[in-house]
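A.B. asks: Residue-level listing of the chains:
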Amino acid sequence: MSFLGADTAQLVQCARRYEARAGDLASTGEWLRSTTAAVSWTGPDAELFRARTHEVCARLIDLEERLRGFAAELDREAEEQNAVSAPEGGAGGGEGAPSRSNTDEGIGRNGDRQPIDEGIPDDDESLSPENLAQGRWGDCGLLASFGALGHMDPEFLRQQVEEGPSGVYTVTMYDEHGDPVTYRIEREILADGATGESGEQTLASIYEEAWMMHNGGDYEALNGIFPEDALEAMTGQPASRYAGDDRPGLEEMATMLDEGRPIVADTAGNEMPDDSRIVGTHAYSVTAVDRENGTVTVVNPWGAEGMDDPNGPQETVEMSIEEFRENFVTTTVGRIGPRGDDGDSGGILGDFGDAIGDAVDDVVDGTTSAFDWMTGN
Amino acid sequence: MSHEEIQAFPLASRRRWNGALISIAGAKSGPDEPSRARLQISTGDGAQTVTLAEGESVDIPGVGTIRLDGVDTEPPGERPRPAPGAGQVRLGLTPGDHGTS
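Same order as they appear, the protein sequences are chains A and B.
The numbering of the first sequence is our numbering, which starts it at 1 and goes up by one.
The numbering of the second sequence is our numbering, which starts it at 1 and goes up by one.
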C-alpha cells in the first residue's frame, strides 16, 4: 500500500517510546557515574578509566537529548498531520498557537485579584531565587523552578515575558509537545500570591497567573506542582527527575550547574524533615555546589521574612551532600535552550560498542525500524 | 468573645493572619499516628517554630490562638510521590483581644 501522510496515533505512540528509552539512557548514565564514583581505586589507571567513563556518560546524555528531540519531532509531525487532515485545515500550533487572556470568561474566578502593576521589574536581582516570597498557595514547585531559572539564566525569563502598553504582559509557556502557547495577563492578577521580598509584584507573580491559565483556568492548579512539569512548561525542554540512588551526586550536580542547567530539589515524601531548617513537602532552588567543601546550597521560595528563628526554616541553607540527600527526596534537572538543539553529535554513535549504542545507531541510521527497536522485535 | 475560624493552608504555604505570618513547615498524617504539623509563626516580636498534634493549640500574645484541626496529605497519584505543596493543614484560628482577623 502506498500513501502520503502517517498514522498519527502511531507517531505519538512511537514518540512516547522514544521518550521512555531516552529516560532509560539517562538512568544508565547516572548509574554508570555513581557506580564508578563509588569504587575505591586511585592512581593513573583509575583516573583514565574514570575519564573514559565520564566520556561515555556525556555521550549517553547527548543520545538522550537526541531521542527526546526525535520524540518532539514525531509529536510535531503528528500534530501537523492532524491539522492538515482536520476539517478546513484545522488550527495550527507554534507561532499560531492560541493566545488566551486572563480576562476571558471562566478564567481565574476562584481567587481574589488585585490590579496589575505597570513596569514590573525584570532585572537580574528581581528574578533571583532570593527575591521570591511565596504566598498562600502551594505552588513551591513552580516558584522554585522560576528561581532556578532566574538563577541560571535571567535573560531567558525576560525573553518569555513581554510587557505591552498599560500593564499587559504576554507570557510564553510550552505545551506537552514543546510548542509555545502565549497567555495575555492584563488588568488583574492573583492578590495573595507570590511577590518579591518587599511585597512588590514580580515576574513570578505574572508566572503564577500564566500557570493557572496553562492548567485549566482554576487557581487550584497552584496547589501541588511537580517541578518537572513547571520546568518543562516554562522552558519547552524535557526535565529529568531523579530519586533514590539515581539522584545526582555532588560532582554531577556541580557539572550540571556549570552547564547552566536549572536544578530543583524537593522534600515531597518527607513530610517532617529531621533538619528543622528544611520545610517538608516543599521545593527549593539549588543555587550552588561547592566541590571543595562538599556542600550544596538551596534557596527556599518563601523568602527571608520571618526566618529569624534559628531552630526553624531558613531561606538559604548550605548543607553537606549527605544532609542534602537525607532531607531531599527528589532532584529535578531542566534544560534551557531551543528544543531539540543538541548540537553536533557526529561521530558519537560510532564509538559505542555496546548493545545500547548499536541499537540506537541502527535506529538513528534507519537500518532498524523504530517500532522494532522500541518493542524489542 | 472571639470565635474560631477554620482555615485550610496548603502544605508549605504562607499566609498572614491577624498580624502574624503563619508558615506550614511540615505536616504528617497517618492511620497509625495522630496528625502533626510544624508551624513557623512570625510576628513583630520574632519568629518561633512549634509542632502541634491534632487538637493542640498555641497562644501567640497579641495575635490569638492557633489550633491544629487536622492534616490532609495527598496520596501519590500516577507518579511515585505527591507533588510538593500538595495537601493541606486545617488550622482553627481564634483572634486575640487586640487583633482582628
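Honestly, I wouldn't trust all of these hints.
Derived contacts from chain B toward chain A, CB cut-off under 7 Å, selection only [as the list claims (entries may be wrong)]:
(1) T49
(2) A53
(3) S57
Which stretches of chain A does chain B cover? Using the computed rule of at least three CB atoms under 8 Å from a CB of chain B, they are [what the hints assert, rightly or not]:
(4) 30 to 36
(5) 276 to 288
Hints listed in this document are in silico derivations from the structure and should not be mistaken for laboratory results.
From a predicted model like this one, the values you see are computed outputs, not experimental measurements.
The beta-carbon is built from N, C-alpha and C at its ideal position, and this holds for glycine as well.
A.B. asks: For each hint, tell me whether it holds in the structure or not.
C.D. replies: Verification of the supplied hints:
1. This hint holds: B/T49 has a C-beta 3 Å from the nearest C-beta of chain A, less than the 7 Å allowed.
2. Evaluation of the B/A53 hint against chain A yields a violated restraint, the C-beta minimum of about 12 Å exceeding 7 Å.
3. Against a cut-off of 7 Å between C-beta atoms, the interface hint on B/S57 is violated, since the closest Cβ of chain A lies about 18 Å away.
4. Requiring three or more residues with a Cβ within less than 8 Å of a Cβ of chain B, the coverage given for the region 30 to 36 of chain A is violated, as only 0 such residues are present.
5. Counting residues of the region 276 to 288 of chain A whose beta carbon lies closer than 8 Å to any beta carbon of chain B gives 6, which meets the minimum of three for the stated coverage.
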